[in-house]
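Chains A and B supply the protein sequences, listed in that same order. Following the working numbering, the numbering of the first sequence begins with 186 at its first residue and continues without gaps. Following the working numbering, the numbering of the second sequence begins with 5 at its first residue and continues without gaps.
By construction, these hints were calculated from the structure, which means they are not laboratory data. This one's a predicted model, so the numbers in the text were calculated from it and none came from an experiment. Note that CB positions come from ideal geometry on N, CA and C, so glycine has one too. Among the clues, some could well be false.
[Stated by the list, open to error] Pairwise CB distance ranges, derived in the manner of DEER restraints:
{"no.": "1", "chain 1": "A", "residue 1": "Ile407", "chain 2": "B", "residue 2": "Asp54", "range": "49 to 59 Å"}
{"no.": "2", "chain 1": "A", "residue 1": "Ile407", "chain 2": "B", "residue 2": "Arg101", "range": "18 to 28 Å"}
{"no.": "3", "chain 1": "A", "residue 1": "Thr406", "chain 2": "B", "residue 2": "Arg150", "range": "20 to 30 Å"}
{"no.": "4", "chain 1": "A", "residue 1": "Val361", "chain 2": "B", "residue 2": "Arg150", "range": "25 to 35 Å"}
{"no.": "5", "chain 1": "B", "residue 1": "Arg15", "chain 2": "A", "residue 2": "Pro330", "range": "53 to 63 Å"}
{"no.": "6", "chain 1": "A", "residue 1": "Val303", "chain 2": "B", "residue 2": "Arg101", "range": "33 to 43 Å"}
{"no.": "7", "chain 1": "B", "residue 1": "Arg147", "chain 2": "A", "residue 2": "Gly331", "range": "31 to 41 Å"}
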Amino acid sequence: MNDLHGRFRALRAVRAPDLWPDIEGRTPARGRPPVVARWLAAAAALALAAGGLALAIRAFRGDAPDTRAASAPPRPVVVGTTAIPGAYAVVSGEGSVWVGAVATDGGCEGTIHRIDPVTGQTIATIPVEGIASWEVGGGGIDVEPGAVWVAGDVCGPGGGGAILQRIDPAANESEVVADLGAGFAADVDATAEAVWVTVFRDRSEAELLRVDPETGAIEATIPTGSQYT
Amino acid sequence: MRRAPASAVERVYREQGDRMWRAVLAFSGDPDVASDAVAEAFAQALRRGDALRDPGRWTWRAAFRIARGELKARRHRPVPIRAPHVEMPEPAVELVRALRQLPARQRAAVVLHHAADLPVREVAAALGTSAAAARMSLTRGRRRLRQLLKED
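Please work from the sequences and hints to get the whole structure.
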């Protein structure tokens, strides 16, 4: 027998033991933190204590404050923070920071978070049908004047495929521009004339696709000779 | 802490426990690791009480996490796949031997999808990753497995 499905069928024939008596009678392990974690925690505590002591000594000595006059206007400081679960890629353009995030419930969809670079606040949260997987090494997002490009994968009954999406920064809405076929979209780079996308095909080499940004047509397919392992 | 109603967790065990054990066996290559990981996962589920919204999904993740930890602790002591108290047909032994040569994430994805019959979305949830990443691990893992088993 040398087919994968047949072997997994053979595995299903293996009789599993009844573990319930063990489960009911077992005291679950709480687990102590590993040795390294305990040493790190102790080191952090010592560092905090040393820092506090230094501050106390300085206070008692009455050190003079720094009286140097500021000669340049202060740089903008981000005063807000936004938690973005599943964040995997970031680009900037069109006056914003764009952060791609995967679904954290196992879904194939993703979201692009548009962030104000000064305040750190979220301007918009834009759903997209597919995002790139970090495992292929790319970021999958690029910004050009008038468009934010997102390469990604969609799930489907046959296994899904790669797509190219465009976000209109004026409306904060996304649309699928091109179906790139079976495989995994990795990264995207856009110019005014073309959008370039790398796609890892199932069981074959990665390809570089040139896509017309207006029509979504694939104008060229360039084998790269690179395989993912 | 109040223990979860034994019936709810036990129901999950009766419905999915055998499949989970076989999946962890395929992942770890060790029947004793599989038994310990699955038993520990369900014991912890009982202890967590009403805190678990989805005991099924939680125990899958816990069993694989515990098995991974056990394998890490044993990495310098390879364990034979066969155990006297477990009967395994030869094709299954060859499969488990080949699975051992996959990176852990690919091995887990292949096992959860093919041995545990979980759809990709559930595989991703069990691995704590995105569906796209789970599909990638599945594709790579299957390809490598076929090479190891010398399939077309």
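If you check the beta carbons of Arg15/B and Pro330/A, does the distance land in 53 to 63 Å? holds, 57 Å
Check the following: the C-beta atoms of Arg147/B and Gly331/A are separated by a distance inside 31 to 41 Å. Once the Cβ atoms are compared, 40 Å apart, the range 31 to 41 Å for Gly331/A and Arg147/B holds.
A range of 49 to 59 Å was offered for this pair. Does it hold for the Cβ distance of Ile407/A and Asp54/B? holds, 56 Å
Pairwise beta carbon distance, Val303/A to Arg101/B, judged against the given window 33 to 43 Å: violated, 57 Å
Does the Cβ-Cβ separation between Val361/A and Arg150/B fall within 25 to 35 Å? Holds, since Val361/A and Arg150/B (Cβ atoms, about 32 Å apart) stay within the stated range.
I want to verify a distance hint. Is the separation of the beta carbons of Thr406/A and Arg150/B within 20 to 30 Å? holds, 26 Å
Beta-carbon spacing of Ile407/A to Arg101/B - inside the hinted bounds 18 to 28 Å or not: With a Cβ separation near 39 Å, Ile407/A and Arg101/B fall outside 18 to 28 Å, so the hint is violated.
The structure fails to meet hints 2, 6 from the earlier list, while all remaining hints are met.
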